[in-house]
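**Q** Each chain is listed here by its residues.
2 protein chains.
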Amino acid sequence: MENSANTDGGLRERKRAATRAAITAIARKLTAERGLNGYTVDEVCSEAGISRRTFFNYFPAKEDAIIGHADDELPHEVIDEFIAGGQSSPPGIISPTLLQDLVTLSLKLSENMAASEEDTRQLIGVIKKEPQLILRIIGATEQREAEFAKDVALREGVAPDHPVVQMAVVLLGNIARRSSLAYFSEGNTRPYRELLLENISAARRLFSQEFQEPAPAEGRP
Amino acid sequence: MENSANTDGGLRERKRAATRAAITAIARKLTAERGLNGYTVDEVCSEAGISRRTFFNYFPAKEDAIIGHADDELPHEVIDEFIAGGQSSPPGIISPTLLQDLVTLSLKLSENMAASEEDTRQLIGVIKKEPQLILRIIGATEQREAEFAKDVALREGVAPDHPVVQMAVVLLGNIARRSSLAYFSEGNTRPYRELLLENISAARRLFSQEFQEPAPAEGRP
Numbered sequence: 026m027e028n029s030a031n032t033d034g035g036l037r038e039r040k041r042a043a044t045r046a047a048i049t050a051i052a053r054k055l056t057a058e059r060g061l062n063g064y065t066v067d068e069v070c071s072e073a074g075i076s077r078r079t080f081f082n083y084f085p086a087k088e089d090a091i092i093g094h095a096d097d098e099l100p101h102e103v104i105d106e107f108i109a110g111g112q113s114s115p116p117g118i119i120s121p122t123l124l125q126d127l128v129t130l131s132l133k134l135s136e137n138m139a140a141s142e143e144d145t146r147q148l149i150g151v152i153k154k155e156p157q158l159i160l161r162i163i164g165a166t167e168q169r170e171a172e173f174a175k176d177v178a179l180r181e182g183v184a185p186d187h188p189v190v191q192m193a194v195v196l197l198g199n200i201a202r203r204s205s206l207a208y209f210s211e212g213n214t215r216p217y218r219e220l221l222l223e224n225i226s227a228a229r230r231l232f233s234q235e236f237q238e239p240a241p242a243e244g245r246p
Numbered sequence: 026m027e028n029s030a031n032t033d034g035g036l037r038e039r040k041r042a043a044t045r046a047a048i049t050a051i052a053r054k055l056t057a058e059r060g061l062n063g064y065t066v067d068e069v070c071s072e073a074g075i076s077r078r079t080f081f082n083y084f085p086a087k088e089d090a091i092i093g094h095a096d097d098e099l100p101h102e103v104i105d106e107f108i109a110g111g112q113s114s115p116p117g118i119i120s121p122t123l124l125q126d127l128v129t130l131s132l133k134l135s136e137n138m139a140a141s142e143e144d145t146r147q148l149i150g151v152i153k154k155e156p157q158l159i160l161r162i163i164g165a166t167e168q169r170e171a172e173f174a175k176d177v178a179l180r181e182g183v184a185p186d187h188p189v190v191q192m193a194v195v196l197l198g199n200i201a202r203r204s205s206l207a208y209f210s211e212g213n214t215r216p217y218r219e220l221l222l223e224n225i226s227a228a229r230r231l232f233s234q235e236f237q238e239p240a241p242a243e244g245r246p
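Chains A and B, in that order, are what the protein sequence lines are. The first sequence begins at 26 in this note's numbering and counts up one residue at a time. The second sequence begins at 26 in this note's numbering and counts up one residue at a time.
Mixed in with the good hints, there may be bad ones.
Same chains, same names: a pair is fine if it fits in one copy or spans any two.
Claimed, not checked - Derived DSSO-like pairs (lysine-lysine); straight-line CA-CA distance at most 30 Å:
id, residue 1, residue 2
1, K175, K154
2, K175, K54
3, K175, K87
4, K54, K133
5, K87, K154
6, K154, K133
7, K87, K54
8, K40, K54
9, K40, K87
No lab work stands behind these hints: they were computed from the structure. The structure presented is a predicted model; accordingly, all values stated were derived computationally and were not measured.
Chain A with its partners taken away, still in its complex shape (with noise of 0.2 Å):
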């Protein structure tokens, strides 16, 4: 018979998961605090009750665990509903429910969303304390969208670079980020299904507005 450590897969990933949270947790409250040089990867692993070698398992280096990790944010199992769900269609061609499912998994992925205010809190007083570190999260956010973008592809079994793959991606991750945003803010007392829904639906206002392309002037791009 097996250890369960090694049969129960989901419980040693989300072991896994916990801790890089908290190495993350841990980098952006002594950046916040400190700057980055203020405080050492040995400080981290003190609060946090790992090792050195525990800490570089996890992030090649300090500033990657500031950024924190893609994967704690996209839970596997919620992802995988979504890529079968493109199963109603042939490879090649878009799915009908393409829309509906980014719309679901929105509103399954803000179930987290108590964890990603203190997130945000912690990033923004990062940001203060180190604004140069904007490149690194603007580029991982951009490597997220990216991968994002190859689960959309594999879904509806099309190029990643699909131009409805490619709006999928940005125009939902836009809209998602907006109606948080608005969540977030000050005042605020509507849910935030109640705001997704609103921007879908003024987004599909918007959208399906009868549009014919404008006539090409001449010598222009």
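Using the hints provided, position chain B relative to the given structure of chain A.
**A** Quick look at chain B alone, frame taken from chain A:
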């Protein structure tokens, strides 16, 4: 008879815009070369052939000169035409040509694409040298979006925080940025117009899919 410099407000405004743009180009070049504290406002003035008084007439500080002036990118007459296009529908009702006119507007603005390529290169140089300026650049972009939201709201006779106005500004802005990124990417041979229209078409395909509000989950935000 009045002096032509007084009657021709358009010419004067173009001259002002040209001076402002020259100041910004020089400030960006010097920042990229020497960093923010590696040059003085006097050096910018001497290169631009203007007085300190003229400089501060245009920009309150060096950093503002680097960011540049929003009006230099959105010509008044193009915006006025866009706003007038909303008269086809009564105030409070979103005009049926909003999407069409937004795309036409994006294409008109892209006529200055060669200038904006040079701009983009300069800004990248600035950010490499002084990464913390990216927060100001993001702030300036958000301010421009807020200004443009007011224009769209005026056109439609609704409040600037109307969801369709917000989505129009955010999503079209994103599609335009995305399209110009692809246009300027190495090895691209396709015209901007084609890239923009492909993305608009993809967004329309996505957002015109059937959609039903997902059932709410119990006890979730």
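**Q** Does each hint fit the structure? Answer for all of them.
**A** Structure-based check of each hint:
1. K175 to K154: Classified as neither: same-chain Cα gap 34 Å, cross-chain 33 Å, threshold 30 Å.
2. K175 to K54: neither (32 Å within a copy, 38 Å between copies)
3. K175 to K87: within (28 Å within a copy, 43 Å between copies)
4. K54 to K133: within (27 Å within a copy, 46 Å between copies)
5. K87 to K154: Answer is both: 15 Å inside a copy and 22 Å across each meet the 30 Å cutoff.
6. K154 to K133: Neither. Shortest intra-copy (32 Å) and inter-copy (40 Å) distances fail the 30 Å Cα cut-off.
7. K87 to K54: within (12 Å within a copy, 32 Å between copies)
8. K40 to K54: Within. Shortest intra-copy distance 21 Å satisfies the 30 Å Cα cut-off; inter-copy 50 Å does not.
9. K40 to K87: within (21 Å within a copy, 50 Å between copies)
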